[in-house]
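Mind docking chain B on chain A? Use the hints.
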Amino acid sequence: MYAQLVETGVKRVKSLEEMSPEERNFQEKVDAEIKIEAKNWMPEAYRQTLIRQISQHAHSEIVGMLPEGNWVTRAPSLKRKLQLMAKIQDEAGHGLYLYSAMETLGADRDEEIAKLHSGKAKYSSIFNYPTLSWADMGAVGWLVDGAAIVNQVVLQRTSYGPYSRAMIRICKEESFHQRQGYEILLTMMRHGTQAQRDMVQDAINRLWWPSLMMFGPSDEHSPNSAQSMAWKIKRQTNDELRQRFIDQTVPQLELLGCTAPDPELKWNAERGHYDFGEIQWDEFYEVIKGNGPCNQERVATRRKAIEDGAWVREAAVAYARKQQNKNAA
Amino acid sequence: MHNETLIPYLLLLGDSALVQGQRLCEWCGHAPAIEEELALMNVGLDLVGQARNWLEYAAELLDDGRDADALAFRRDERAYRNLLLVEQPNGDFAVTMTKQFLYDAWHFAVLQGLAGSSDERIAGIAAKALKEVTYHLRRSSEWVQRLGGGTEESRQRMLAAIAALWRFTVELTAASDNEVQLAEVGIAADPATVGAAWLKQVSETFASVELPLPKAASHFYLDSRQGLHTEHLGLLLAEMQFLPRAYPDATW
Chain A
1 MYAQLVETGV
11 KRVKSLEEMS
21 PEERNFQEKV
31 DAEIKIEAKN
41 WMPEAYRQTL
51 IRQISQHAHS
61 EIVGMLPEGN
71 WVTRAPSLKR
81 KLQLMAKIQD
91 EAGHGLYLYS
101 AMETLGADRD
111 EEIAKLHSGK
121 AKYSSIFNYP
131 TLSWADMGAV
141 GWLVDGAAIV
151 NQVVLQRTSY
161 GPYSRAMIRI
171 CKEESFHQRQ
181 GYEILLTMMR
191 HGTQAQRDMV
201 QDAINRLWWP
211 SLMMFGPSDE
221 HSPNSAQSMA
231 WKIKRQTNDE
241 LRQRFIDQTV
251 PQLELLGCTA
261 PDPELKWNAE
271 RGHYDFGEIQ
281 WDEFYEVIKG
291 NGPCNQERVA
301 TRRKAIEDGA
311 WVREAAVAYA
321 RKQQNKNAA
Chain B
1 MHNETLIPYL
11 LLLGDSALVQ
21 GQRLCEWCGH
31 APAIEEELAL
41 MNVGLDLVGQ
51 ARNWLEYAAE
61 LLDDGRDADA
71 LAFRRDERAY
81 RNLLLVEQPN
91 GDFAVTMTKQ
101 FLYDAWHFAV
111 LQGLAGSSDE
121 RIAGIAAKAL
131 KEVTYHLRRS
141 SEWVQRLGGG
151 TEESRQRMLA
161 AIAALWRFTV
171 ELTAASDNEV
181 QLAEVGIAAD
191 PATVGAAWLK
201 QVSETFASVE
211 LPLPKAASHF
221 YLDSRQGLHT
231 EHLGLLLAEM
241 QFLPRAYPDA
251 TW
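Protein chains in written order, with full-length UniProt numbering: chain A, 1 to 329; chain B, 1 to 252.
What the hints contain is simulated information worked out from the structure, not anything from laboratory work.
Note that the coordinates shown come from a computational prediction; the quantities given were computed from them, not determined experimentally.
Where is the CB? At the ideal position from N, CA and C, for every residue including glycine.
Straight-line Cα separation of at most 30 Å, DSSO-like style, residue types lysine-lysine; simulated pairs:
hint : chain 1 : residue 1 : chain 2 : residue 2
1    : A       : Lys79     : B       : Lys131
2    : A       : Lys172    : B       : Lys128
3    : B       : Lys128    : A       : Lys79
4    : A       : Lys11     : A       : Lys232
5    : A       : Lys322    : B       : Lys200
Covered by chain B, per the in silico footprint, the following chain A stretches (three or more residues, Cβ under 8 Å):
hint : segment
6    : 65-72
7    : 83-90
8    : 94-102
9    : 177-191
10   : 301-313
So that you can see chain A by itself, here it is in the shape it has in the complex (with noise of 0.2 Å):
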């Protein structure tokens, strides 16, 4: 996942009997978990948030390859040069999926990439950190990766059908992702050094709450929840999937003999969850604003990619032009 914070543009859900006859028709088919397709009908204001939704992960995507860019050229052994560069090749595929069930929409990739680096659209706000050690291509596949599983698995329901199917295939290779970010982590804990040790235990220190904000603001300040949860769009709360993710990290986390920055977080035998601290929730719309650590070096690496590659994407076009004016004639 990697979206937070998805407008839908309406401030109240409507009834059944509120709704013109085709809107209603197609609320039906929703509530009754039939999928929509590109050709079916939709509410506007349904099509405009799945592609702010569907163009938002996509970026995310495409943005979250830098700060793994950022080690790929330092990576300390062939295995893990390897991994990591098989995971950011899936990344790039995993954006190239999904701007395509975005452009079944109707919407241009191209043009919601210029509201990317126009600071228009966002992107997960995990990105906007930096990545200051290995063990952080450790920490970012075990909760990154982790906190967008919790999040896609639940999307593999959607009620649009192609970003449904483009999650089906996306979550099996995040999964491996995962499980190959928690044994980098492992491997340095159980055999590494001291200094790795703490390495990885810095990791988490710096990754953990941003893991969390993954997720979104809390049910009670997300307004748009109720729309895009009546859409099916979106099926869980940013709350319930936040808990979950935590209810399945911290016993990762013990495994691993680390812990995590939240003085307060500790099992709640009546509740069968963890109960955890207050997220900083001002860091959180801070970064969300473009004031993270990363954001400015993030959007200016991405437009500098795009504007350097235009003479290249020219001469592509011009060079088939030329072929096909060559088999014509």
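Coordinates of chain B only, in the frame set by chain A:
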């Protein structure tokens, strides 16, 4: 046994693939289109995988306690045997693709020869790599055509890229005594065949978009077969080898 001649040859193959793969890693997040992010990383992945196979074999023959990782991450530049061409900085996309194409054309011809090597281990690695490099060569030659025959700007950039890189191609056609000896016993690809195939491929691809073929590069002071590299390799290795060098006792 041919170890004194075979090990440097395996290092030539392994180090060239590794260094070329390392340069492709540098493109991560900076490619001109998302499709190219995928393709550049995909080609790099193939090459680093091939490098691992060659270096594992070299390490076994060396039999001095070093493994493929030790060869990749603990050797100084004077001990590296990669082609000078592949250590050159990426430059713009024209330089990157020209470098890739000139290397691929050589790599393809070498692997074709090696797939029939009398050394079964080499033949096996080469046969698998040949499938990957067949695609690499098709892709890079298509980019040479697109950029060479695309717009005025892309053509100018291609001409500049060829002018900057051509001097390093002397290594792609010149035969060392070492390789000639190995070829005579059926282990290495025949250097004369490789050189001729390389020149044919490059001439035809360049001619298809009217890119002029420079005259044959002449030998000069630097020679990767003696570990005499350009200044760029040291910096590339400093980055690539940082972690194993900084944490010599670590397990990754």
